[in-house]
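A.B. asks: For reference, the chains in residue letters:
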Amino acid sequence: MKRTYIISVVLLMGGAISSVFSLTFHVGWLFRGLYMEDIYLLLIAGIIIPVALVMVASINEKTRLSVLAAAIGILIASLYFIYSEAPNPLMPSSLRLSRSAMFFLFLGIGMAVLLGSLSMVEASRLKQGTRYWMPCLFAGFSLAGLFTALNSAVGAFGWLYTSLLSVVIVASAGLIYIIIYPGRKGNAISEYTSQKHMAPVAIMDKLKGSKLAIFCILSFFNMGLVIGLSGLNLVDTAYSGVTWLLFASLVPGLLVGFLLGLGFSGPFSHEKRLASIKVQVSQYFLIVVLLIHVSLMFSFFTLELLKPGYHGTITSQIVGGIIFGFMLSTSHQVILQQHPPKANPLYHAFLHTWFFIIIVLGNYLKGIPMKEGQFESLSGDYLPYIMLVEVILAGLVLLLASVSYLKGVKKSAVITTESTLEARS
Amino acid sequence: MNRKSCKMAIIWVILFSSLIGFMPVTASSRGNTIETAQASLDMTGAIEIKDPFGACHADSYDIMEELGVKMNRKDISWSSIEQGDDNWQWNAWDNRISELKSRNMTVLPILDYGNLAVQTGTDHGNRIHTEHDMQEWMEYVNECVERYYVNDSNYVDNWEIWNEANLGEFNASEGFWTGTDEEFFELQRRTAQNLSVQYPGLNILSNGISGHDPIYLGAMFARGAMEHVDTLAFHPYSGSSYDTLPVKIDAVKQVCKEHGFNGSLWITEVGMSTQFNPDEPGFKTEYKRVLELQATLVPKVYAHALAEGIETIVWYCLGDGHNFTWGEHNFGLIFHESNVHKPEPYDGDVLKPSGYAYKALAHNLNWSTYIPRGVKLARSLPSTSKIERFYFTTSSGDIVLILWNENDDANQVEFKVEADGITVFGPPSYKEGIAKNYHATTMDGMVSIQATIDLSPTIFLIDVPEGVAPSPVLIQSTFMVIDATFLFILPFLGIASVLIGCWKVFQAFKHGTR
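Chains as they are written, first to last, in the numbering used here: chain A, 1232 to 1656; chain B, 6 to 519.
Possibly wrong hints are sitting among the right ones.
These stretches of chain A come out as covered by chain B in the derived footprint (C-beta under 8 Å, 3 or more residues) [as the list claims (entries may be wrong)]:
(1) 1283-1291
(2) 1294-1305
(3) 1396-1410
Once the Cα atoms are required to be at most 30 Å apart in a straight line, the calculated DSS-like pairs of lysine-lysine come out as [unchecked claim]:
(4) 515/B to 1538/A
(5) 1293/A to 515/B
(6) 515/B to 1233/A
(7) 347/B to 441/B
In short, the hints are calculated from the structure, not lab data. In this text, a Cβ means the ideal position worked out from N, Cα and C, and glycines have one as well.
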């Protein structure tokens, strides 16, 4: 795969994901004042249109490129409608937009989610095009974190500038990607669509789908909770003050996550092993990641909800960012390690559409109004239930991973015996 | 140049243009001469303004007069007036009316809250739902109106029925209304009907609802609670930013339109708290910032609301209380006398910066005319669309121009008008003669003004010579980088993405790739 193409994918990933983080950064305050008619707009512009376009984009390479270009155009056009009506410095707490401006804001967010999902489709295929897909993933997510931190810092000048900056970044990254995208035969695309190239990295496990689904629900919701809880009940001024630190701190978290992946060497080495061994090796990584995720969330809840004076501080934002970054990197390593290479782009696109919707929900959580003392009572009211759900979901994944592991042991024993018999004969 | 070089060149252009797009600097491109507007004033959509300046809970009558307050909104609470069945206590209100009258001010009494000394239908909260309590309530209402309207030469002709009845839990011990919404709507309907039949000259105001909740307002109309009401009152509090006030007012107007209500709209509470904690280290810096922010909201609220046709806007409230950490005690326009924590340069002041802003407006906008087409822009740019501009002519024929930039950029504007002089009230203090964000030169009877307009409104009082008709103002502004972003960079990125994307897809078709 061409180096320039890989760089363009990384850029696209950074720009598109940061645009989702940035454009949805303030939506909590907007969502809490929605009327039923607004919710219809949200469903149409923010969900139905992007999901329909995701399906169109999954038909083939040509439609994906067309949808990507169109999404950039629509996102830019939406910004004009939003700009023409929305006051810039306003937000968070008192924003009320007119119906048309709201429609275009939702459409813009929908297009950002679409671009983010498409960028992750491209990023997921780096695994098939380069051995250095893990550093590429790290670079892409890190760029997203840094771009978002930059956007949030610019937010001190007004939320429209945040939106403007994120749109320019994603549009520039998208245009660079489109320019570099090879449109003729014998290019990078044909390289990574080759099943021959993909086959060695496949993990054949019948429980993989359900295991990944539960794992993704758990880790995505955890990330949404980190975004939401770390910004909950903060005064308006905090959003132009400390919250950029959360996204800037993604980078160290991502780094730790990727170092953990390297330490397990699974993502790099397993393609050389027998299929049955790969199943076993991949379970170690999954289980370790899962246990760390749950432990991190317990620590996060304890610090945010139970430690007096911690919530909303610079330290809390940095720690939240590191946890978020770690989860982002490790969950994607697990997905890319476990994921069947033959799966069509629809899988990755929908998976990430779902991920970004949870991030939006996390941002919504930030905007929930709290009465005096209500934040302090969250630990008693909700924490036990959240922890219970964490434990149940983690337990399920653990159970499935154990079954996969044991099946792998059984299979490898058969294969080893057959190999020994073959060698003897 | 080969294909690869071509691609790299385009990519560098994109990266460079992306960087340019965010530099928060202005690129001056204005000419050396300042044009004047040639046409006479276009009066289309002009709004006559009477006495829109009110303040809540005001007892410092001399300061009210100094500020230019024309109406004092105050609870004439049932429990304070009838302290036992038919035990009427009027002293406090008689004094209030007397003080206000002597200063040519009016009053907006709020008929409100329960009276457990008289009611039999409830022993807690604020709820009137039994027929006995309703009759007692009507007796109290009529006594008040008889005393201060009928027996006082129709002096008090504005009456508000209850305060923020949409706040409070059902059957709670506290809350402004602790009955059901339906019970309150019935109370308002019957009270308004009673008043309108007996005293047709009254201006009856609805319950001033907290916020602008169109759903609650819609229910209030649907249940007939607005049948005999002349004025709809609401409290569009918006935290520290009032830039969406017009949207909120529009939402209220939309509800009124849907229900065929043609009465007036009053904002009977609006404001922002400047609470602070004197125990926090370095609190004065933040306190100063919040005080100055509150001041910027006064011109924004009045300009927006008057331009939207709101007849009266009551600032909540006149004075601060003694508890500096409690939000409710820090909405005032004047410092509390016990406040020893005032930051510099306000440590010697009685008025908060918001008080100075209020004073500047109230002394000039009473009996003025709002002229929506009084300000013109020399050119239409994305950045100029964010320059909020409000043009008023005063009763003496002068011009009041209020400008701010919604984008929070420091936009350089210039304009020239025929005038004897100019007085500017600007941020941060809004004291007369303190503003530094402008430069004015007078020559041949014309005043040329160059000003830096940012998020904080600047109030220009332009002294038009006697016998000269006020002219429109033509504003010239600088070409900002944000204009370049919207006019060139974003269209370039969007169009190039779509065109190159199409070309790539075409190539893929041509070469038969998937």
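A.B. asks: Now look at each hint and say whether the structure bears it out.
C.D. replies: Here is how each hint holds up against the structure:
Counting residues of the region 1283-1291 of chain A whose CB lies closer than 8 Å to any CB of chain B gives 1, so the stated coverage by that chain is violated, three being the minimum. Here the region 1294-1305 of chain A counts 7 residues with a CB under 8 Å from a CB of chain B, which clears the bar of 3, and the coverage holds. Counting residues of the region 1396-1410 of chain A whose beta carbon lies closer than 8 Å to any beta carbon of chain B gives 11, which reaches the threshold of three, so the coverage claim holds. Restraint check for residue 515/B and residue 1538/A: the C-alpha separation of about 63 Å exceeds 30 Å, so the hint is violated.
A threshold of 30 Å between alpha carbons decides the hint, and for residue 1293/A with residue 515/B the separation of about 11 Å falls inside it, so the pair holds. Proximity of residue 515/B to residue 1233/A is assessed by CA-CA distance (about 22 Å); at most 30 Å being required, the pair is judged to hold. For a cut-off of 30 Å, the pair hint linking residue 347/B to residue 441/B stands: about 22 Å separates their Cα positions.
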